[in-house]
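The whole structure should be built from the sequences, with the hints applied where relevant.
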Amino acid sequence: MGQMLKSMHEVGTLSSGSVGHLRQASGTVGRQTEAIAHITHEVGQISAGVRTNTDAADQNSRLSQHLASQAGSLKQMVNNFRLRQSENARHMGA
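Residue numbering for the sequence shown follows full-length UniProt numbering, beginning at 1 and increasing consecutively.
Because the hints were derived from the structure by calculation, they are not lab data. Because the structure is a prediction, the values reported are computed rather than measured. Check the hints yourself; a few may be wrong.
Cβ pair distances, simulated, as ranges [to be verified]:
1. His66 x Gly44: 31 to 39 Å
2. Ile46 x Ser26: 24 to 32 Å
3. Ala57 x Asn79: 27 to 35 Å
4. Gly30 x Ser69: 54 to 62 Å
5. Leu74 x Asn53: 27 to 35 Å
6. Gly20 x Asn53: 46 to 54 Å
7. Phe81 x Val43: 35 to 43 Å
8. Val29 x His66: 52 to 60 Å
9. Gly44 x Gln76: 43 to 51 Å
10. Asp58 x Val78: 24 to 32 Å
Beta carbons: idealized from backbone N, C-alpha and C, even for Gly.
Printed below as a string of structure tokens:
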């Protein structure tokens, strides 16, 4: 009978230890789950920032192309003006 009580006590002690380990593991899993959720959120924020930057870069590229086209048109107008001005100077001097 004494051996049986001793064995039951050991089983109870082992069970208590196992429950403690399970609680500790559960807490660790909970913290890891929270950390993963936080990381997922932060990666989403980074992704949104990258999309915003990409959109801005695309818009800047389109604007740059438009300005380059406008600069080409302005250069052509200035060249035409200079040509007319030099032709007028030749006619007046002749």
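Each hint, compared with the structure:
no.	hint	in the structure
1	His66 x Gly44: 31 to 39 Å	33 Å, holds
2	Ile46 x Ser26: 24 to 32 Å	31 Å, holds
3	Ala57 x Asn79: 27 to 35 Å	33 Å, holds
4	Gly30 x Ser69: 54 to 62 Å	59 Å, holds
5	Leu74 x Asn53: 27 to 35 Å	31 Å, holds
6	Gly20 x Asn53: 46 to 54 Å	49 Å, holds
7	Phe81 x Val43: 35 to 43 Å	56 Å, violated
8	Val29 x His66: 52 to 60 Å	55 Å, holds
9	Gly44 x Gln76: 43 to 51 Å	49 Å, holds
10	Asp58 x Val78: 24 to 32 Å	31 Å, holds
Consistency note: the structure conflicts with earlier hint 7 alone.
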